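Number of protein chains: 2
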Amino acid sequence: MTRLLNNPDNFPVESAEGFLLANKRHVRGLYGGAVRATKTPEGKVALVIGGGTGHYPAFAGWVGHGMADGVVMGNIFSSPSAAQAVSVAKAAERGGGVLIAFGNYAGDVLHFGDAAAQLSAQGIPARAVVTTDDIASAGPEEKEKRRGIAGWVPVFKATGAAAERGMNLDEVERVFHKANDRTRTLGVAFSGCTLPGDSEPLFTVPEGKMAIGLGVHGEPGIAEVDFGTADEVAKVLVERLLEERPEGADNRVIALLNGLGTAKYEEMFVTFRAIHRLLEEAGLEIVDGEVGEFATSLDMSGVSLTLHWPDDELVELWNDPVDTPTIRRGTVDAGDLRDDIHTLSQDPTRIAVTEEGSEESRALAAKMADTLDKVAAMLREKMSELGKLDSYAGDGDHGTGMQRGSENAASAARKLLNEGAGAGTLLAGAGEAWSATAGGTSGALWGVILGAAGQGVGDADVPSAEKVAEIVDEVTTTLQQVGAAEEGDKTMLDALLPFTRALKDYVGQGNLAESWNKAATVAAGAAQQTADLSPRIGRARPLAEKSVGHADPGAVSLAYVLATIGEDL
Amino acid sequence: MTRLLNNPDNFPVESAEGFLLANKRHVRGLYGGAVRATKTPEGKVALVIGGGTGHYPAFAGWVGHGMADGVVMGNIFSSPSAAQAVSVAKAAERGGGVLIAFGNYAGDVLHFGDAAAQLSAQGIPARAVVTTDDIASAGPEEKEKRRGIAGWVPVFKATGAAAERGMNLDEVERVFHKANDRTRTLGVAFSGCTLPGDSEPLFTVPEGKMAIGLGVHGEPGIAEVDFGTADEVAKVLVERLLEERPEGADNRVIALLNGLGTAKYEEMFVTFRAIHRLLEEAGLEIVDGEVGEFATSLDMSGVSLTLHWPDDELVELWNDPVDTPTIRRGTVDAGDLRDDIHTLSQDPTRIAVTEEGSEESRALAAKMADTLDKVAAMLREKMSELGKLDSYAGDGDHGTGMQRGSENAASAARKLLNEGAGAGTLLAGAGEAWSATAGGTSGALWGVILGAAGQGVGDADVPSAEKVAEIVDEVTTTLQQVGAAEEGDKTMLDALLPFTRALKDYVGQGNLAESWNKAATVAAGAAQQTADLSPRIGRARPLAEKSVGHADPGAVSLAYVLATIGEDL
Numbered sequence: 004m005t006r007l008l009n010n011p012d013n014f015p016v017e018s019a020e021g022f023l024l025a026n027k028r029h030v031r032g033l034y035g036g037a038v039r040a041t042k043t044p045e046g047k048v049a050l051v052i053g054g055g056t057g058h059y060p061a062f063a064g065w066v067g068h069g070m071a072d073g074v075v076m077g078n079i080f081s082s083p084s085a086a087q088a089v090s091v092a093k094a095a096e097r098g099g100g101v102l103i104a105f106g107n108y109a110g111d112v113l114h115f116g117d118a119a120a121q122l123s124a125q126g127i128p129a130r131a132v133v134t135t136d137d138i139a140s141a142g143p144e145e146k147e148k149r150r151g152i153a154g155w156v157p158v159f160k161a162t163g164a165a166a167e168r169g170m171n172l173d174e175v176e177r178v179f180h181k182a183n184d185r186t187r188t189l190g191v192a193f194s195g196c197t198l199p200g201d202s203e204p205l206f207t208v209p210e211g212k213m214a215i216g217l218g219v220h221g222e223p224g225i226a227e228v229d230f231g232t233a234d235e236v237a238k239v240l241v242e243r244l245l246e247e248r249p250e251g252a253d254n255r256v257i258a259l260l261n262g263l264g265t266a267k268y269e270e271m272f273v274t275f276r277a278i279h280r281l282l283e284e285a286g287l288e289i290v291d292g293e294v295g296e297f298a299t300s301l302d303m304s305g306v307s308l309t310l311h312w313p314d315d316e317l318v319e320l321w322n323d324p325v326d327t328p329t330i331r332r333g334t335v336d337a338g339d340l341r342d343d344i345h346t347l348s349q350d351p352t353r354i355a356v357t358e359e360g361s362e363e364s365r366a367l368a369a370k371m372a373d374t375l376d377k378v379a380a381m382l383r384e385k386m387s388e389l390g391k392l393d394s395y396a397g398d399g400d401h402g403t404g405m406q407r408g409s410e411n412a413a414s415a416a417r418k419l420l421n422e423g424a425g426a427g428t429l430l431a432g433a434g435e436a437w438s439a440t441a442g443g444t445s446g447a448l449w450g451v452i453l454g455a456a457g458q459g460v461g462d463a464d465v466p467s468a469e470k471v472a473e474i475v476d477e478v479t480t481t482l483q484q485v486g487a488a489e490e491g492d493k494t495m496l497d498a499l500l501p502f503t504r505a506l507k508d509y510v511g512q513g514n515l516a517e518s519w520n521k522a523a524t525v526a527a528g529a530a531q532q533t534a535d536l537s538p539r540i541g542r543a544r545p546l547a548e549k550s551v552g553h554a555d556p557g558a559v560s561l562a563y564v565l566a567t568i569g570e571d572l
Numbered sequence: 004m005t006r007l008l009n010n011p012d013n014f015p016v017e018s019a020e021g022f023l024l025a026n027k028r029h030v031r032g033l034y035g036g037a038v039r040a041t042k043t044p045e046g047k048v049a050l051v052i053g054g055g056t057g058h059y060p061a062f063a064g065w066v067g068h069g070m071a072d073g074v075v076m077g078n079i080f081s082s083p084s085a086a087q088a089v090s091v092a093k094a095a096e097r098g099g100g101v102l103i104a105f106g107n108y109a110g111d112v113l114h115f116g117d118a119a120a121q122l123s124a125q126g127i128p129a130r131a132v133v134t135t136d137d138i139a140s141a142g143p144e145e146k147e148k149r150r151g152i153a154g155w156v157p158v159f160k161a162t163g164a165a166a167e168r169g170m171n172l173d174e175v176e177r178v179f180h181k182a183n184d185r186t187r188t189l190g191v192a193f194s195g196c197t198l199p200g201d202s203e204p205l206f207t208v209p210e211g212k213m214a215i216g217l218g219v220h221g222e223p224g225i226a227e228v229d230f231g232t233a234d235e236v237a238k239v240l241v242e243r244l245l246e247e248r249p250e251g252a253d254n255r256v257i258a259l260l261n262g263l264g265t266a267k268y269e270e271m272f273v274t275f276r277a278i279h280r281l282l283e284e285a286g287l288e289i290v291d292g293e294v295g296e297f298a299t300s301l302d303m304s305g306v307s308l309t310l311h312w313p314d315d316e317l318v319e320l321w322n323d324p325v326d327t328p329t330i331r332r333g334t335v336d337a338g339d340l341r342d343d344i345h346t347l348s349q350d351p352t353r354i355a356v357t358e359e360g361s362e363e364s365r366a367l368a369a370k371m372a373d374t375l376d377k378v379a380a381m382l383r384e385k386m387s388e389l390g391k392l393d394s395y396a397g398d399g400d401h402g403t404g405m406q407r408g409s410e411n412a413a414s415a416a417r418k419l420l421n422e423g424a425g426a427g428t429l430l431a432g433a434g435e436a437w438s439a440t441a442g443g444t445s446g447a448l449w450g451v452i453l454g455a456a457g458q459g460v461g462d463a464d465v466p467s468a469e470k471v472a473e474i475v476d477e478v479t480t481t482l483q484q485v486g487a488a489e490e491g492d493k494t495m496l497d498a499l500l501p502f503t504r505a506l507k508d509y510v511g512q513g514n515l516a517e518s519w520n521k522a523a524t525v526a527a528g529a530a531q532q533t534a535d536l537s538p539r540i541g542r543a544r545p546l547a548e549k550s551v552g553h554a555d556p557g558a559v560s561l562a563y564v565l566a567t568i569g570e571d572l
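Top to bottom, those sequences are chains A and B.
Residue numbers for the first sequence, in the numbering used here: 4 to 572.
Residue numbers for the second sequence, in the numbering used here: 4 to 572.
Think of the hints as simulated: they come from the structure by calculation, not from any bench.
All values reported here derive from a predicted model rather than from experimental measurement.
Just to be clear, a hint being listed does not mean it is correct.
Identical chains blur together in the list; that is why a pair holds if it fits in one copy or across any two.
[Unchecked claim] Each computed DSSO-like pair below joins lysine-lysine, with the alpha-carbon atoms no more than 30 Å apart:
# : residue 1 : residue 2
1 : K238      : K212
2 : K370      : K507
3 : K212      : K370
4 : K148      : K42
5 : K377      : K148
6 : K370      : K521
7 : K238      : K27
8 : K507      : K418
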């Protein structure tokens with residue numbers, strides 16, 4: 004819902020004023036809307052666009068060199084008046100005539116048509132033209148009745164570029180119609196938007212459903228279907244749009260994925276990935292792709308896909324320079340494209356065995372690789388428990404982080420073992436793999452733990468119980484330095500420090516396995532006691548107050564790992 | 004919540020792939036993230052930025068000429084690994100060394116610090132530096148502990164421009180620290196974000212409250228206060244930020260209002276309007292203002308304000324050309340600024356009396372002006388009833404539209420009357436004023452009604468009852484043509500046509516007042532009967548199915564107006 008507002012009655016005017024203040028470089032306000040801040044050449048055709056407010060960047064975000072000369076700004080979802088359009092058109096026109104372009108909505112048709120007639124009567128050649136890209140709003144046999152939605156972008160871009168090139172009014176209008184004829188859009192919505200000052204949305208879509216073809220003001224769509232994955236949503240959009248390939252289109256498309264309000268960039272990128280693949284599978288060449296917010300509907304949840312099928316002229320016009328508040332292109336000459344970077348996710352193998360370990364160290368390494376497998380299996384089992392704990396303390400990814408990290412560590416260890424690694428190299432390599440895969444704070448710390456342990460163990464001897472206790476002590480000291488934390492800060496150290504002290508105490512009294520397991524029990528108890536601690540804030544650590552009363556996930560997972568190691572000793 | 008996803012585990016990778024596919028002109032993907040698609044000059048310092056995913060445009064949206072050379076992309080809200088950073092840095096570096104810059108988060112500090120150490124050990128000079136702009140995350144005496152948030156934009160912009168200019172690593176690092184020292188951010192949040200695949204948000208803010216200083220992953224803020232108006236939110240942000248004017252700052256600021264996820268552009272503009280005023284009142288010069296989404300937190304609701312206090316060097320670096328997926332500047336030369344457009348909302352007075360009306364027409368005009376006052380008063384009273392009806396049929400603005408339009412019409416009529424207008428000119432002028440203020444479809448149609456009536460009435464005679472019935476008939480025909488509607492389409496015509504027929508019938512049988520009032524009763528009945536009609540869809544008219552069972556607001560308001568006129572005859 005709209006939360007930032009003053010008196011709802013003043014919302015459209017205050018929003019327009021804020022827009023103008025934030026975009027002084029591009030626009031100047033006047034009665035009815037705004038025109039470019041810069042002077043345009045005499046004789047240039049003026050492209051004036053507009054409609055109701057609530058769709059930003061449509062329409063005010065597109066005023067500037069290479070696109071619109073002026074924008075007429077209405078109230079929320081309500082067309083501006085003819086008087087407003089005349090005011091803006093007169094400020095924008097430079098003797099070449101005016102093309103007033105807008106979506107095909109009743110109020111806009113009436114007012115802008117009236118404005119064009121008034122301007123013509125005053126000796127300013129003016130024409131009103133409508134975009135009709137929304138394939139859901141009328142059948143293919145009634146294309147002229149369709150609404151205009153996000154297809155505004157390629158149509159206004161082409162038209163604005165044509166006018167900027169100095170084409171006359173007839174030519175600019177020809178480009179407008181060609182671009183519109185070659186543009187198709189389909190949207191899906193998951194929930195409606197709420198008007199400023201209202202508490203209820205304009206419409207709702209049942210939970211688990213999505214509406215196909217719903218208009219940007221809640222106009223009825225063509226179907227309500229079950230909500231699928233991002234890939235399935237992409238399929239619906241692409242398939243329906245490809246059913247209506249425009250006459251004269253070749254295999255080139257420009258694809259725009261538009262967020263309607265609350266769809267976020269990351270999920271739109273996930274969806275665009277599938278759209279790109281489907282278009283390629285259909286044999287199409289994707290001349291350009293744009294993912295972002297172009298024609299919104301306040302806080303409506305959903306996306307629309309626009310396919311623009313350019314010919315040579317339209318490709319050129321699309322690539323022409325443009326400089327508006329929200330669309331900019333044709334900037335600095337950034338130089339030649341690189342051809343030395345090819346792949347997204349090929350993990351460079353960074354772990355290598357430079358020298359084989361001793362026979363006994365390799366035997367120890369084999370044991371350790373088995374233990375790492377068990378640790379990974381255990382952490383997969385504990386994944387959701389750790390994730391839940393982390394949802395109190397952080398962002399809930401500790402479970403998945405530990406699971407991914409330990410699995411990659413185990414598999415790196417296996418690889419190194421086959422290459423003849425001793426125990427020290429194996430541990431260090433496993434640590435690097437853990438850190439590289441898990442990311443996050445805990446990934447880094449486990450990388451440090453295993454790396455420091457590997458350094459202590461080395462590739463020659465099998466350490467005695469006392470030596471193991473020493474190594475654990477060194478690891479703990481290193482971790483304290485790297486993590487810059489202290490006991491009581493509610494971190495994994497609150498389990499590790501008691502473990503280290505207990506192991507040192509017990510190791511004189513029995514064998515390693517016995518001492519380790521007793522110390523691991525101490526660690527498990529200490530981990531549970533972290534529930535009583537307050538989180539350490541500072542050094543920008545993302546811990547919430549709500550973690551009080553819940554054990555620290557890092558301490559708990561450490562205790563689990565220590566116990567699993569103990570079983571194997 | 005995140006709705007568009009496939010397997011949540013794959014979300015970050017799929018999102019990164021989609022980003023790369025949509026931005027081929029700017030970026031090339033590789034293990035760990037992405038680098039510029041274009042070749043950079045030998046010896047150039049490489050700026051590598053990065054952190055967790057979920058904050059787009061931070062960080063991938065800032066790779067390109069004039070800003071970053073590479074981006075390291077982590078999992079959702081989780082730092083990337085040192086191995087990823089090393090991979091990206093190696094692909095980005097050109098012999099001038101690497102500056103790795105990021106927010107001050109524990110995981111990032113560990114991994115990027117490690118990466119810088121690894122690169123240096125391999126002979127590539129590399130330094131890890133952190134931004135610390137979030138004033139809520141630690142006190143002024145512990146500035147170095149603060150988190151980095153949306154202040155990334157001016158800091159990375161300055162640093163990237165410095166590197167693009169060919170400054171060496173020491174100089175680029177100097178600019179980084181200066182820019183960071185002069186940048187302060189404070190955010191407010193109204194609700195938390197939901198991680199992909201989760202059904203519950205990471206955190207919640209109580210209804211009616213807002214959290215000040217909450218971090219971009221839900222880190223605790225400094226206070227929870229009552230939610231105020233946009234102006235009050237602006238005041239909180241500006242006042243707290245001005246308490247921390249950086250050392251050495253003069254009176255220049257660059258202000259960035261950042262949407263955290265679901266705040267919409269229109270409400271951000273409303274807020275920016277107040278911010279701009281407050282900064283001016285504080286005697287500051289606003290060098291530049293930016294309103295948009297820069298550092299988001301998935302679908303978190305809230306905004307943050309960043310104040311960057313540039314010196315001469317930082318102003319220049321801010322204005323240097325840049326070409327990234329989301330920040331572009333320094334494009335085409337758009338020419339000189341206009342100085343002939345000054346005011347936002349000065350309504351050009353379009354109505355004028357060219358010739359005085361006859362005495363009797365002026366007397367009629369005076370009566371009409373009184374009636375228009377009564378119509379306006381009546382419509383103010385009916386405003387919420389009509390708004391409610393329209394919430395079923397459209398977007399709920401019919402009540403406010405009729406109220407605004409009729410009030411402006413009445414005041415224009417009064418003005419024209421004082422200038423000696425006859426009845427025809429008065430009606431036409433009132434129609435223009437109605438249409439100009441109300442906008443929307445009904446505003447246009449009422450403009451047409453009054454204009455056509457004025458033409459029929461003229462400025463000479465007082466029409467007879469029969470002539471009035473004729474004029475009404477002409478008005479109805481004109482309206483039908485303009486509105487392109489027919490009886491039964493569920494529009495105001497469904498009341499106007501029965502009224503017109505009834506008036507014609509009754510007018511032979513009694514005086515005008517009697518006939519008019521009887522016909523008005525017919526219109527009122529017909530208006531109520533529109534409840535049974537289905538809305539006319541097509542010509543992109545925004546009517547929802549839910550209007551069935553509710554009378555058409557346009558027909559109802561017409562009947563009210565007819566009845567009010569009748570009282571005065």
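Broken hints, by number
Going through the list in order, the structure violates hints 3, 4, 5, 8 and respects the others.
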